[in-house]
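So the sequence lines, in the order shown, correspond to chains A and B.
The letter at position 30 of the first sequence is residue 30 when you use my numbering, and the numbering goes up by one with no holes.
The letter at position 286 of the second sequence is residue 286 when you use my numbering, and the numbering goes up by one with no holes.
Treat the hints with caution; some may be incorrect.
Stated by the list, open to error - So, partial list: chain B residues that the calculated Cβ filter (under 10 Å) puts toward chain A:
{"hint": "1", "residue": "SER42"}
{"hint": "2", "residue": "PHE95"}
{"hint": "3", "residue": "GLN96"}
{"hint": "4", "residue": "VAL193"}
{"hint": "5", "residue": "LEU203"}
{"hint": "6", "residue": "ILE217"}
{"hint": "7", "residue": "LEU220"}
{"hint": "8", "residue": "LEU253"}
{"hint": "9", "residue": "LEU268"}
{"hint": "10", "residue": "THR274"}
{"hint": "11", "residue": "PRO275"}
{"hint": "12", "residue": "GLY279"}
{"hint": "13", "residue": "PRO282"}
{"hint": "14", "residue": "GLY284"}
To be verified - If you want the footprint, here are the derived chain A segments under chain B, 3+ residues with CB under 8 Å:
{"hint": "15", "segment": "165 to 171"}
{"hint": "16", "segment": "239 to 247"}
What the hints contain is simulated information worked out from the structure, not anything from laboratory work.
Here a beta-carbon is modelled for each residue, glycine too, at the ideal position from N, C-alpha and C.
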Amino acid sequence: MTALLEIRGLAKRYDIRLGAFGERHAVVRALDDFTADIIEGETLSLVGESGCGKSTTGFAILNLQRPSAGSVRYKGQDIAGLDEEAMRPLRRDLQIVFQDPYSTLNPRMTIGEALAEPIRFHSLAPKADIPARVARLLEDVGMTPRFANRYPHELSGGQRQRVAIARALACQPRFIVCDEAISALDVSVQAQILNLLLDLQQKYELTYLFIAHDLAVVRHISDRVGVMYLGRLAELAPSQALFAEPLHPYTRALLSAVPEPNPRAPRNRQRLVGEVPSPLNPPQGCRFHPRCPMARDICKTSVPDWREVAAGHHVACHAVFGPGRTSWEGQA
Amino acid sequence: MTLLDIKGLTIDIARDTGPARVVDGIDLSVMEGESLGIVGESGCGKSLTMLSVVGLLPNRIHATGGEVRFRGRDLLTLSAKELRRIRGSEIGFIFQDPMTSLNPVIRVGDQIAEALIYQKSMTKAAARVRTVELLALVGIPAPEERANAWPHELSGGMRQRVMIAMGLAGNPKLLIADEPTTALDVTIQAQIVDLVRELKDRLKMSVVWITHDLALIAGLADRIAVLYAGTVVEDAPVDAIFDRPTHPYTRALLGSLPTLAGAAMERLPFIPGTPPEPGRRPMGCPFAPRCDLARASCTEAVPKLQAVGGDARHKVACPVALEGRA
Chain A
1 MTALLEIRGL AKRYDIRLGA FGERHAVVRA LDDFTADIIE GETLSLVGES
51 GCGKSTTGFA ILNLQRPSAG SVRYKGQDIA GLDEEAMRPL RRDLQIVFQD
101 PYSTLNPRMT IGEALAEPIR FHSLAPKADI PARVARLLED VGMTPRFANR
151 YPHELSGGQR QRVAIARALA CQPRFIVCDE AISALDVSVQ AQILNLLLDL
201 QQKYELTYLF IAHDLAVVRH ISDRVGVMYL GRLAELAPSQ ALFAEPLHPY
251 TRALLSAVPE PNPRAPRNRQ RLVGEVPSPL NPPQGCRFHP RCPMARDICK
301 TSVPDWREVA AGHHVACHAV FGPGRTSWEG QA
Chain B
1 MTLLDIKGLT IDIARDTGPA RVVDGIDLSV MEGESLGIVG ESGCGKSLTM
51 LSVVGLLPNR IHATGGEVRF RGRDLLTLSA KELRRIRGSE IGFIFQDPMT
101 SLNPVIRVGD QIAEALIYQK SMTKAAARVR TVELLALVGI PAPEERANAW
151 PHELSGGMRQ RVMIAMGLAG NPKLLIADEP TTALDVTIQA QIVDLVRELK
201 DRLKMSVVWI THDLALIAGL ADRIAVLYAG TVVEDAPVDA IFDRPTHPYT
251 RALLGSLPTL AGAAMERLPF IPGTPPEPGR RPMGCPFAPR CDLARASCTE
301 AVPKLQAVGG DARHKVACPV ALEGRA
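Construct the entire structure; sequences and hints are all you get.
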């Protein structure tokens, strides 16, 4: 179990101007104090609702958006905040696949040209070999080489996502951030793309950071899962443990909101009241406390520590003592 | 009593190369007080079918055959003016994305009041009072203040509540909800689902909920119609769909659904291939090219809905599956 990426205290803040004339200044705390290792060969998933910072985390790790604080160690070097020049050789190793391949593929480029571009850019093959490389990439993602002559608009959503994956594979990466990579696809196609990602992971020993909001999908494909709320990690655990015994009150509420494909499933389970507050002005103390059924006074003032409460099971909550136990026990 | 009765509905897209069929002979009905779930993947015709009910089909897309009877009247034969009277008063509609359906430069309260003044000939003052009542009904806190809010000042969940309030403005008999929670987070989705379920009972409406999400609809619908490539392939009470799914497509859809219960799977089962594009529908059963039960006879004629066993409420358009169950 070696860490491919060691992330410590990663943060991303955006300065914005408010008011009709931009006269007011404010800071959006999109990501705060993200600390985790990404283990070689694993699928680490990040889940949470819109605005929780999961995509920001992916961007900050890849240095696609310069982090405001913290470090990301890759191959013994801190890549957080490296300039584009210094990043370029590392970009080959660290790739990303987005949600909407239609907006990331150039509509005027054939699929073949789109796949050849990264090979040429990183000088990965002599010119004469490029068509063969492109054909092999297409086969890797379950498409026939004749697709090289097609344009993005001629493909279905699932096929376009296969092309986006092929383009990420073109540089023979070690790490791929899948940012909501299957969210826009129909159920029957989603499963095809997920299985493809799993096959490629085995074949090329890839490490994935899988950013998603569909908890049912995440459960089936992840080794470990991190739950985020309003820019902070709330819980991080092996997938099996997280779904069998969620500890953070937010994780529990999130899981209970997921509809079950069973008409006789109990309704009106634990419902979260209210909505996620704005990251412009996040609550003091634990950011979840205004909606938390377990909140006490301490939660309003002090940010809970990030603690390991069972093997590999981290949680940031004053109330959680360990599996099956709360810190409130024995207290008035 | 049957409130809405759709028979043999066909919808075509007018293209330069000729019409492309997207809805191919759909039969659907909604009883009074019933909630019907319409489930299918993108392009299966689920939204177009219900848009044709309210006469809101996009340009160049037309209902070309069949009938859509609402309380006995065929809506397809009504004039635009007559349809307008029914739309918004007897039939309410909630769209998927509240941000594109709300006018960004009109306060939300005024948008709801506009419908009341226009549809119900209310005075401004009476419409204002009713608007605040409606906002309170859909669970918007401080409804009097929120009536003065601009759409951009509300969160996605709150905007969808405003859309629901608008859909309810005319006291409709039928509320059609077209993927109203797809753009929302799962905890907010759960709130909206609870709200619509509660309103349906309280206001004694019928609800048609259009969705691609089988898990979501399990807790919402009395009956489910599964659509594939512009046809209804299975129509049954909700328990029967989940306990005894019979059409190969329904079975495959349920099989490829990852869940939070049960054992974690290494690989997810999936349906090979993709649904046909409009205008490129295969001969016979549209699912045959992706179906593991398909045989030569499947490509000859489009299968008709038939009752499963002795249960007249459970209908399936697949003679092969029916044979297997006999």
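Tested hints:
no.	hint	result
1	SER42	holds, 6 Å
2	PHE95	violated, 18 Å
3	GLN96	violated, 14 Å
4	VAL193	holds, 7 Å
5	LEU203	violated, 19 Å
6	ILE217	holds, 8 Å
7	LEU220	holds, 9 Å
8	LEU253	holds, 6 Å
9	LEU268	holds, 4 Å
10	THR274	holds, 5 Å
11	PRO275	holds, 8 Å
12	GLY279	violated, 15 Å
13	PRO282	violated, 16 Å
14	GLY284	violated, 20 Å
15	165 to 171	violated (count 0)
16	239 to 247	holds (count 3)
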